[in-house]
Amino acid sequence: MPVKVLIPTPLRSYTEQQPAMSLAGTTVGDVLSELTTRYPSLYRHLYNDDGKLRSYVNVYVNGQDIRYLQKEQTRVEENDTVSIIPSIAGGRKV
Amino acid sequence: MRTAGREIIAEEVQLSREEIRRYGRHLIMPEVTLAGQQKLKAASVLLIGMGGLGSPVSLYLAAAGVGRIGLVDFDTVDSTNLQRQIIYTSQDVGRRKTDSARERIKDANPYVEVQTFDTLLRSDNAMDICGDFDIIIDGTDNFPTRYLVNDVCVLLGKPNVYGSIFRFEGQASVFAAKDGPCYRCLYPEPPPPGLVSSCAEGGVLGVLPGIVGTIQATEALKLILGIGQSLIGQLLLIDALSMQFRQLKLQKNPDCPICGNNRTIHKLIDYEQFCGVRVQATGEEQHGIPHATVQELKSRLDAGDDLLLVDVREPHEYEIVNIGAQLIPLGQLPHRVHELDSSRDIVVHCHHGGRSARAVQYLRELGFRKVWNLHGGIDAWAVEIDPSLQRY
Numbered sequence: 001m002p003v004k005v006l007i008p009t010p011l012r013s014y015t016e017q018q019p020a021m022s023l024a025g026t027t028v029g030d031v032l033s034e035l036t037t038r039y040p041s042l043y044r045h046l047y048n049d050d051g052k053l054r055s056y057v058n059v060y061v062n063g064q065d066i067r068y069l070q071k072e073q074t075r076v077e078e079n080d081t082v083s084i085i086p087s088i089a090g091g092r093k094v
Numbered sequence: 001m002r003t004a005g006r007e008i009i010a011e012e013v014q015l016s017r018e019e020i021r022r023y024g025r026h027l028i029m030p031e032v033t034l035a036g037q038q039k040l041k042a043a044s045v046l047l048i049g050m051g052g053l054g055s056p057v058s059l060y061l062a063a064a065g066v067g068r069i070g071l072v073d074f075d076t077v078d079s080t081n082l083q084r085q086i087i088y089t090s091q092d093v094g095r096r097k098t099d100s101a102r103e104r105i106k107d108a109n110p111y112v113e114v115q116t117f118d119t120l121l122r123s124d125n126a127m128d129i130c131g132d133f134d135i136i137i138d139g140t141d142n143f144p145t146r147y148l149v150n151d152v153c154v155l156l157g158k159p160n161v162y163g164s165i166f167r168f169e170g171q172a173s174v175f176a177a178k179d180g181p182c183y184r185c186l187y188p189e190p191p192p193p194g195l196v197s198s199c200a201e202g203g204v205l206g207v208l209p210g211i212v213g214t215i216q217a218t219e220a221l222k223l224i225l226g227i228g229q230s231l232i233g234q235l236l237l238i239d240a241l242s243m244q245f246r247q248l249k250l251q252k253n254p255d256c257p258i259c260g261n262n263r264t265i266h267k268l269i270d271y272e273q274f275c276g277v278r279v280q281a282t283g284e285e286q287h288g289i290p291h292a293t294v295q296e297l298k299s300r301l302d303a304g305d306d307l308l309l310v311d312v313r314e315p316h317e318y319e320i321v322n323i324g325a326q327l328i329p330l331g332q333l334p335h336r337v338h339e340l341d342s343s344r345d346i347v348v349h350c351h352h353g354g355r356s357a358r359a360v361q362y363l364r365e366l367g368f369r370k371v372w373n374l375h376g377g378i379d380a381w382a383v384e385i386d387p388s389l390q391r392y
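Going down the list, the sequences are from chains A and B.
Sequential numbering of the first sequence, starting at 1, is according to this note's numbering.
Sequential numbering of the second sequence, starting at 1, is according to this note's numbering.
Derived by calculation from the structure, the hints in this document are not laboratory data.
Check before you lean on any hint, since a few could be wrong.
[Said to hold, decoys possible] Simulated coverage check for chain B against chain A, where a stretch passes if three residues somewhere in it have a Cβ under 8 Å from a Cβ of chain A:
id, segment
1, 12-23
2, 373-385
[Stated by the list, open to error] With a straight-line cut-off of 27 Å between C-alpha atoms, the simulated DSSO-like cross-links for lysine-lysine are:
id, chain 1, residue 1, chain 2, residue 2
3, B, LYS267, B, LYS298
4, B, LYS267, B, LYS252
5, B, LYS106, B, LYS222
6, A, LYS52, B, LYS252
7, B, LYS298, B, LYS252
8, A, LYS4, A, LYS71
9, A, LYS52, B, LYS249
10, A, LYS71, B, LYS222
11, B, LYS222, B, LYS249
12, A, LYS71, A, LYS52
13, B, LYS106, A, LYS71
14, B, LYS106, B, LYS178
15, B, LYS249, B, LYS178
16, A, LYS4, B, LYS249
17, B, LYS298, B, LYS178
Just so it is clear, CB atoms sit at the ideal spot from N, CA and C, and this is done for glycine as well.
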């Protein structure tokens, strides 16, 4: 089932500047796996060496943090939106 | 009103005839009125960082009549700031930011008291500086200070009006309010140094901090007035390119080390160490990334050594200035790595040395042995070796 995946600006250099795409999967884990198969250089920006999602990369399904759902086992349905939201630092150095 | 655990006694604050005339457009709104304007005058707001975000926030809060505004910044105005830091003018280049900002704010509204702190915000001064203000505005650009501001706000029980920007994208929220989540609930740990680009490296649309900063100013005013729905427990995402605003629901993390049920952080820590910054600062060699200085590169080139120079910036940056290196943008490196001869000595450079450090690390992981990062990038080369080069 295709779901919409939104790629944040800092990670778009690894997705050929694509801001959004439609990917198949029944869980968040499936969808992210499909994403990193398509764009292998994205993998290490999403996952640590143990294959766990990095703690400064948050994933939301329709505006809900998957950490408070079923994490990567969170099920997705057609027309759901998966957002990847990494921490960004911009502003002023003090 | 109650913003920070201490009551602001707005009734004791009087507005002069001139002030009442000045704030007329506020006073006629039922959500503000004279009582609200008195609250604004009785309130104090501290801005951490007087850059792209701090510029509009401070000007709007001053214009709105917030009684006392604090500014923290250790830096001087640089010409590359002027593309977005609208509180400064071309004549301010070289001046202390806190000095020029204070003057501009007093010009905008002489009824506002401005306190300046020409210093780095550190673990040993943050509690004292922040303790004297009702609301803290986070306009920083680096993770150590961001976590420091968060922790100070949680420990002091003061709302942290957060904003962050990158290229065309921004985030805003209100953290550390009573019963609301904090920044650590959202991001328990910072990214390792170098993995996430800064604005200096990735760029930022000049107007973006204007959008995000005015949202931060709005949130601060709402907190003071006690009106509306605030961004507490909400992360506002702004994409200026598609002009879409989205809100994500944030939850208080019960396991948060500073605001959760079993707190492990009870006082400020060493934030540079927490963010891994110091390890890098004491030498990239220790971090596994060998580097060469621009002087070393110059001597080797002058000596006629066989060196392959690789530039991992983007083509549009190469167009601004280059030193004749082979251009392979960082994002293309994985599928263009075969273009590099691993038997040759390779020096990789970018603008300031951040992206090239990642490239060197990547190449070393692939088995390249003779590869070095050019410390300070092409900018250091322009400053120390060839001043005729265009800086940007």
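Numbered hints the structure breaks, given as an ascending list: Of the numbered hints, 1, 2, 3, 7, 10, 13, 14, 17 do not hold.
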